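Asks: Protein chains in written order, with this note's numbering: chain A, 1 to 191; chain B, 192 to 483.
Derived from the structure by calculation, the hints contain no laboratory data. Here the structure is a predicted model, which means the values were calculated and not measured. Built from N, CA and C at the ideal position, the CB exists for glycine as well. It is possible that part of the hints are untrue.
[Stated by the list, open to error] Simulated crosslink set (SDA-like; lysine to any residue; CA at most 25 Å straight-line):
| # | chain 1 | residue 1 | chain 2 | residue 2 |
| --- | --- | --- | --- | --- |
| 1 | B | Lys227 | A | Ala161 |
| 2 | B | Lys436 | B | Asp297 |
| 3 | B | Lys226 | A | Glu67 |
| 4 | B | Lys283 | A | Lys189 |
| 5 | A | Lys37 | B | Gly305 |
| 6 | B | Lys351 | B | Gly334 |
| 7 | A | Lys173 | B | Ser233 |
| 8 | A | Lys65 | B | Lys226 |
| 9 | B | Lys425 | A | Gln184 |
| 10 | B | Lys248 | A | Lys37 |
[Said to hold, decoys possible] Ranges between beta-carbon positions, derived for each pair:
| # | chain 1 | residue 1 | chain 2 | residue 2 | range |
| --- | --- | --- | --- | --- | --- |
| 11 | A | Arg52 | B | Asp413 | 43 to 49 Å |
| 12 | A | Lys17 | B | Gln239 | 52 to 58 Å |
| 13 | B | Ala216 | A | Gln115 | 18 to 24 Å |
| 14 | B | His196 | A | Val191 | 29 to 35 Å |
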Amino acid sequence: MISLTAPFTEDKIRALKVGDEVAITGVLFTGRDAVHKYLHEGGALPPGVDLRNGILYHCGPVVIKDEQGQWKCVAAGPTTSAREEPYQGQIIRQFGLRGVIGKGGMGERTLAACQEAGCVYLHAVGGAAQVLGECITKVRNVYLMDQFGAPEAIWEFEVKAFPAVVTMDSHGKSLHQEVLAASQAELAKLV
Amino acid sequence: MKQLHDSLVELIRRASAEIPDDVQAALLRSLEEEKKGTIAESALQIVQRNIELAKQKSQPICQDTGSILFYVDCPVGFDEISFADTAREAVKLATKKGYLRQNSVDSITGKNDGTNVGPGAPTLHFHQHRSPEVAVRLMLKGGGCENVGAQYSLPIERLKADRDLPGCRKVILDAVLQAQGKGCGPGVLGVCVGGDRATSYEFSKQQLLRKLDDRNPVPELDALEQDIVNTANKLGIGPMGFGGKTTLLGVKIGAANRVPASYFVSVSYMCWAFRRQGVTLGADGQIEKWLY
Chain A
1 MISLTAPFTE DKIRALKVGD EVAITGVLFT GRDAVHKYLH EGGALPPGVD LRNGILYHCG
61 PVVIKDEQGQ WKCVAAGPTT SAREEPYQGQ IIRQFGLRGV IGKGGMGERT LAACQEAGCV
121 YLHAVGGAAQ VLGECITKVR NVYLMDQFGA PEAIWEFEVK AFPAVVTMDS HGKSLHQEVL
181 AASQAELAKL V
Chain B
192 MKQLHDSLVE LIRRASAEIP DDVQAALLRS LEEEKKGTIA ESALQIVQRN IELAKQKSQP
252 ICQDTGSILF YVDCPVGFDE ISFADTAREA VKLATKKGYL RQNSVDSITG KNDGTNVGPG
312 APTLHFHQHR SPEVAVRLML KGGGCENVGA QYSLPIERLK ADRDLPGCRK VILDAVLQAQ
372 GKGCGPGVLG VCVGGDRATS YEFSKQQLLR KLDDRNPVPE LDALEQDIVN TANKLGIGPM
432 GFGGKTTLLG VKIGAANRVP ASYFVSVSYM CWAFRRQGVT LGADGQIEKW LY
């Protein structure tokens, strides 16, 4: 397990390779379907959201307000990343992202942007909303809540030792491409 | 209605926070079989920790608490309208309590009013039977796995799939290949051969109400179920698509009659976070028995 701690510098990110298991400590911003489309169409980041050298988490958490009116994250696993493929490459380049956390992997355009800009795709275990939610030590803020609703808003989380696997690195390698090719070849033998 | 309301909130809580025993048993087997020290094993360990934590904290196993699907078996004369009203209220309260995510979006305006209640949400299927028993089954089906479901209209030349069981096998395995890790595997397939486009998908989902360790009473379908599981687990897709031994935990196949012109095979993919629970209810709506 490699400890990946903020600040997320290009050197730290370039040192990561496909198959590395990492534990992330620092700040994450969530963003999923509505946020990607909004940014792609030229929407401005709300004041307070800084993605430069940051990590974007494809996640729509369950968050409720406790008796004191504080946000409490009840469940927060990753959502399927493939839906953001039309937008992700541009967003990595434009906003200077160093990492994208999600599940299921992404395509060639994102892989190319990772290589070019020094970014990695970090695969969290899909469905593991409690294990991952426990790593969120603080809900700092929420943005675009009225516009997009709770699951689609931008949440700002502090995380500690958040577990993920590097499945697309900044050297052009993708575990998803490899597994797809191997399973395709295997299936061809079995049907 | 108060008792029924409370029973349905409890059904939702338990469906969201606790994995059924048959699924847990299959997941534990897959963890044992996975190669030690791999990222696939590590993923399945996280899955196990997650199942324990969710149960202990009474919180959602997965943050995508999914489409809310009720299947109600009820006697003749049962008041479906009142039941549906109570179920909607139970969903609202379960959402406030955080058992369900605010998960229902107006498809035209994009607005999410935070209640999980709206046109088509939750979905209720009623089935009348000649027994006094009321049985309520609930499935929470997340969007990630729903999105990798597929419907094939046979024949399909590209896959050399004709209108026969070998053709069905080819398209079902194609669905597994296309899904890779995107449906949060190791998963379970519910499949329907036949029907029209709508009933075929609907029957495929209903197959997921069967327990994983049951056997299909139709010999041809039973053989196909076993074959698909064995073959899929040779593909090396593995948990989360990380590569590994277990790609599927099970396959359940049903058949519905078709018209001569159509031959649909519909595949519903269920993620490892297989949230289904069920209860039988007493006369006042109290829970009498858990079904899974």
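Asks: A separate judgement is required for each hint: does it hold in the structure or not?
Replies: Cross-check of the supplied hints:
Proposed proximity of B/Lys227 and A/Ala161 is supported: the alpha carbons are some 22 Å apart, at most 25 Å. Between the alpha carbons of B/Lys436 and B/Asp297 the distance comes to roughly 40 Å, so the proposed pair goes past 25 Å and is violated. About 46 Å separates the Cα atoms of B/Lys226 and A/Glu67, which puts this hinted pair outside 25 Å; it is violated. For the proposed pair B/Lys283 and A/Lys189, the alpha carbon gap of about 50 Å is over 25 Å, so the pair is violated.
Of the pairs offered as hints, the one joining A/Lys37 and B/Gly305 holds, with about 21 Å between alpha carbons and a cut-off of 25 Å not exceeded. With a CA separation close to 30 Å, the supplied pair B/Lys351 and B/Gly334 exceeds the 25 Å bound. Only pairs whose Cα atoms come within 25 Å are accepted, and A/Lys173 paired with B/Ser233 is accepted, the gap being roughly 21 Å. Restraint check: the Cα-Cα separation between A/Lys65 and B/Lys226 comes to about 42 Å, which exceeds 25 Å; the hinted pair is violated.
About 11 Å separates the Cα atoms of B/Lys425 and A/Gln184, which keeps this hinted pair within 25 Å; it holds. Distance restraint check for B/Lys248 and A/Lys37: the Cα-Cα separation of roughly 35 Å exceeds the 25 Å cut-off, and the hinted pair is therefore not satisfied. Checked against the hint of 43 to 49 Å, the pair A/Arg52 and B/Asp413 fails, with Cβ atoms roughly 57 Å apart. The beta-carbon spacing between A/Lys17 and B/Gln239, approximately 27 Å, falls outside the hinted interval of 52 to 58 Å.
With their beta carbons about 43 Å apart, B/Ala216 and A/Gln115 fall outside the hinted range of 18 to 24 Å. Taken as a hint, the range 29 to 35 Å is violated for the pair B/His196 and A/Val191, whose Cβ atoms sit roughly 50 Å apart.
Checked against the numbered hints listed earlier, the structure breaks hints 2, 3, 4, 6, 8, 10, 11, 12, 13, 14; every other hint is satisfied.
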